[in-house]
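All chains, please: the whole structure from these sequences, using the hints.
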Amino acid sequence: MRAFLRGVMVLLREIADENAYQRHLQSVGRVHSAEEWRRFLDERLAHKFAQGKCC
Amino acid sequence: MKKIAGRIVWALISLAAAFFLTAIAVDRGEPVNSFWIVLAAACTYLLGFRFYARFIAAKVMALDDQRATPAERLRDGHDYEPTNKWILFGHHFAAIAGPGPLVGPTLAAQFGYLPSVYWIIIGAVLGGAVQDFVILFCSMRRDGKTLGQMARDEIGKTGGITALLTVLFIMIILLAVVALVVVNALRGSPWGTFTIAATMPIALFMGVYLRYLRPGKVLECSTVGFVLVIASIFGGQAVANSPLLAPWFTLSATSLAIAIIIYGFLSSVLPIWLFLAPRDYLSTFIKLGVVAMLAVGILVVHPTLQLPAFTRFVDGTGPIFAGKVFPFVFITIACGAVSGFHSLISSGTTPKMIAREWNAWPIGYGSMLLEGFVAIMALIAACSLQPGVFFAVNSPPGVVGTTPAAAVSTISNWGYPVSVAEMNALAADAGEKTLFYRTGGAPSLALGMAHIFSSTGGGKAILGFWYHFAIMFEALFILTIIAAGTRVGRFMLSDLLGHAYPSLKRSTWMPGVFATSGLVVLAWGYFLYQGVRDPLGGINSLWPLFGIANQLLAAIALCVGTTIFIKMHRARYMWITAVPLAWLVAVTFTAGYQKIFSDQPRVGFLSEASHLQSAIDAGTIAAGRISEAQSQIFNDRLDAAVCGMFLIMVALILVDSIRVWFRILGDTREVKVDETPFVLSRLQAEEL
Numbered sequence: 001m002r003a004f005l006r007g008v009m010v011l012l013r014e015i016a017d018e019n020a021y022q023r024h025l026q027s028v029g030r031v032h033s034a035e036e037w038r039r040f041l042d043e044r045l046a047h048k049f050a051q052g053k054c055c
Numbered sequence: 001m002k003k004i005a006g007r008i009v010w011a012l013i014s015l016a017a018a019f020f021l022t023a024i025a026v027d028r029g030e031p032v033n034s035f036w037i038v039l040a041a042a043c044t045y046l047l048g049f050r051f052y053a054r055f056i057a058a059k060v061m062a063l064d065d066q067r068a069t070p071a072e073r074l075r076d077g078h079d080y081e082p083t084n085k086w087i088l089f090g091h092h093f094a095a096i097a098g099p100g101p102l103v104g105p106t107l108a109a110q111f112g113y114l115p116s117v118y119w120i121i122i123g124a125v126l127g128g129a130v131q132d133f134v135i136l137f138c139s140m141r142r143d144g145k146t147l148g149q150m151a152r153d154e155i156g157k158t159g160g161i162t163a164l165l166t167v168l169f170i171m172i173i174l175l176a177v178v179a180l181v182v183v184n185a186l187r188g189s190p191w192g193t194f195t196i197a198a199t200m201p202i203a204l205f206m207g208v209y210l211r212y213l214r215p216g217k218v219l220e221c222s223t224v225g226f227v228l229v230i231a232s233i234f235g236g237q238a239v240a241n242s243p244l245l246a247p248w249f250t251l252s253a254t255s256l257a258i259a260i261i262i263y264g265f266l267s268s269v270l271p272i273w274l275f276l277a278p279r280d281y282l283s284t285f286i287k288l289g290v291v292a293m294l295a296v297g298i299l300v301v302h303p304t305l306q307l308p309a310f311t312r313f314v315d316g317t318g319p320i321f322a323g324k325v326f327p328f329v330f331i332t333i334a335c336g337a338v339s340g341f342h343s344l345i346s347s348g349t350t351p352k353m354i355a356r357e358w359n360a361w362p363i364g365y366g367s368m369l370l371e372g373f374v375a376i377m378a379l380i381a382a383c384s385l386q387p388g389v390f391f392a393v394n395s396p397p398g399v400v401g402t403t404p405a406a407a408v409s410t411i412s413n414w415g416y417p418v419s420v421a422e423m424n425a426l427a428a429d430a431g432e433k434t435l436f437y438r439t440g441g442a443p444s445l446a447l448g449m450a451h452i453f454s455s456t457g458g459g460k461a462i463l464g465f466w467y468h469f470a471i472m473f474e475a476l477f478i479l480t481i482i483a484a485g486t487r488v489g490r491f492m493l494s495d496l497l498g499h500a501y502p503s504l505k506r507s508t509w510m511p512g513v514f515a516t517s518g519l520v521v522l523a524w525g526y527f528l529y530q531g532v533r534d535p536l537g538g539i540n541s542l543w544p545l546f547g548i549a550n551q552l553l554a555a556i557a558l559c560v561g562t563t564i565f566i567k568m569h570r571a572r573y574m575w576i577t578a579v580p581l582a583w584l585v586a587v588t589f590t591a592g593y594q595k596i597f598s599d600q601p602r603v604g605f606l607s608e609a610s611h612l613q614s615a616i617d618a619g620t621i622a623a624g625r626i627s628e629a630q631s632q633i634f635n636d637r638l639d640a641a642v643c644g645m646f647l648i649m650v651a652l653i654l655v656d657s658i659r660v661w662f663r664i665l666g667d668t669r670e671v672k673v674d675e676t677p678f679v680l681s682r683l684q685a686e687e688l
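Here the protein sequences come in this chain order: A and B. The first sequence maps to residues 1 to 55 in our numbering. The second sequence maps to residues 1 to 688 in our numbering.
Simulated from the structure, these hints should not be mistaken for lab results. Yeah, the Cβ is synthetic: ideal placement off N, Cα and C, and Gly gets one too. A portion of the hints provided could be inaccurate.
Listed below are the simulated BS3-like cross-link pairs for lysine-lysine, each with C-alpha atoms no more than 27 Å apart in a straight line [as the list claims (entries may be wrong)]: (1) B/K85 <-> B/K3; (2) B/K672 <-> B/K567; (3) B/K217 <-> A/K48; (4) B/K505 <-> A/K48; (5) B/K460 <-> B/K433; (6) A/K48 <-> B/K85; (7) B/K59 <-> B/K672.
Some chain A residues well away from chain B (every beta-carbon gap over 10 Å; in silico) [to be verified]: (8) M1; (9) R2; (10) L5.
Away from chain A, derived, C-beta distances all over 12 Å, residues of chain B [as the list claims (entries may be wrong)]: (11) S14; (12) Q66; (13) E72; (14) W248; (15) T434; (16) R533; (17) R669; (18) S681.
Below you can see the structure in the form of C-alpha cells.
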C-alpha cells in the first residue's frame, strides 16, 4: 500500500512538472530559486502547449 | 507447473469473457446489471493486452529492450528523459483522456447500451489500442517524430501536408463541438455558471501563486485551487438561491457562447503561466480523480441499466442525432474506441520518454484500453438513468416539442414514460430550474454520475452537489481544451500564413498574436454559434462532423502504420493495421456520404438545405423567420462542404498510401526503412 501511494505521489509530481524541474536543476547544476523556476516553467510551458489537448 | 497454472487462468478468463459478452447480448426480459458489462470489458481487455498486443509487440514490431530508445540516446533532461514505465503510463493516459469518451458513449446510448458496449470493447482492442501502440512504436524508432513528419517521410509530401491541414480543421470542429457541450450544460443554470465563472479568477490567483508566491510548488498550488473550486460549488448553490444574484448568472445559450468565444481569445493571448497552465494542472488532477471515483462508485453501487439493449432509434430516427446505428454509433462513440487524436500524443511527448522498448506495450496499448474503460463507465452512468428522463434531458425542442408537456407526451409515446412532475422533482434535487432540452450529453452524464456518487451515501440530499461537481469537472477540462486548442490553432495558422507574411511567425509580435488568435476563435466560434442557433440542438450536425473528422485522422495514422509495416518486411502482418483501416474508411465514408447526400433532412445537410429552401419558396415559413432559415441553409451547405473536404483529404492520403504499398510490394529491391540505427542500451535499472 505504501509503495502504491509512493507511486501515486511520483506520478502526481511528474504531471505537475515538479520532477521535470528537479531533473532540470540537476542537468544545469543550479539550485532552486524563483528566477530559475520561472525560466524553467516558461520554456516547459511553451513546448507543452505547442500541441493540442486530446479529445 | 507455473506454466500450466498460467494457462488454466487464461483459459478461465477466456471462458469468462465469452460468457459475459454473450450474457449481456441475450435478452432475458429483465434489466442488466452494470457489473456484467464491467466484467465483459475487463476480461476482453485482459485477453487483448496479454495475447494480441504481445503478439504484435513480439512478432511484428520485434521490440527489443537491448536497443537504446530516443529517451536514452538523446537524453537532455527536458523532452528526452527515460521515465519509469508506470509513471509514463499515467502521464500518457492523462494526456489522451479527454471529453470524447465521456460524451460520445452518452450520446450513443440513444441506440441502447448493446451496440455501444460491443463497439467500445471490440473497437478498442482491435482498432484504437492498435493505432496508439503502432504509432508510438513508429515514432519511438524515429527519434520521436510527429505523425505529420512520418506521413511526409513514409508516404510522401501530399500525406504530410494533408495530415497537417486535417489536424487544423479537426481542431476547429472539435473546439466548436466541445464548447457547445459546455453551453448546453450551463444554459439557464446560475449554479453551474457561477461555479465555472469562479474558476477563472481562481486560475489567475493560482498563476500568480505559482510564479511569485510559492515558485515550483505545483502540487501545493493545485491543492489550494481544488479547495477553492469546491468552495465555488457551494457558492454556486448560494447564488442560485439568491433572488438578487441568480439573474446575473442565468445566461442564455447565445450569451454563454459569446462568453466562451471571448474566453478562448483571452486564453490564447494571455501569458501561459498566468491562466492556461494552472487550469491545466488543476483539470488534469481533477480528471484523474473523478475517473478513479467513478470506477469505485460503479464497483460499489453497480447500478442496473435502465435503458434497453436496443432502442427503437436504431432505425435512424433518434432524437439526439439522426442516422442509423450503422454507421453512426461508431463515429459517435469515437474516442472511446478509436481516436485519431491519440496518434498526435503517441507521436508527441510519450515516445521521447520511453526508457525501454517493451514499455511501449502497456503505455501505448494499455492506456487506450483504460480509456475504453472510461467510455464503458460513462455509458453505464448514462444508461442508469430512466429512459424517459434520458431522452427528456437530451432531446432538443425542435424534435420533442417546445413545451415540457409536449416533450413528455412525445417521449412517453415512444414507449419511454416520463412526466413533467418527475422531471421537475429531479431538477429540484439537482438544483436546476429545469432539465428539459439539456442537449450535448454533459448534463445527462452528470446526472448519471451524481446518481452513482449519491448512492454511495447521502442520497438525494447531496444529489445537487454531485451534479454540479460533475458539471464543473466536465466544463473545467473542456474549457482547458478550448484554451490550449485555440493556442495551438494560432501557432499552426501563424506558421501557415508566415510564409506570406514572415512577421506572423514571431510569437512575440503582438499584432500577429491578436490577429491569428482572432481568426482561430472566429472559425470555431462560427460553428459554435451555428450550433447554438440550430433548432435541432446543434449536436445533431456538429458531433457527427467531429466524429467523422476524428476517425479520419485515425485512418491517416493507420495508413502510416501499414506503410511502415510493409517497409519493415512485415507485409504478411499488415492486416493488423489494414483491417481497422478498412473498417474506419468504410464507416467514415458511409457516414460522410450520408451526412452530405442523405435525402432525409435530419441526416443530410444538402437535403435539409433544399427542404428549407422549398419551404421559403412555398411561403410556409413565417416572414420573421426567413432570414433564420436562410442562415440555416448557408450553414448546412458549409457543413456539407467541410465534410466533403475531410473525405477528399483522407481519400488523397489513402490513394497515395496504396500507391506506395503496391510500389514496395511489387519491387524486389531492398526497401529502405527509415529507422534510427541500433544502439546498445546502457541504461541501468536503478536509473528508473
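- Hint numbers not upheld by this structure, sorted from lowest to highest: none
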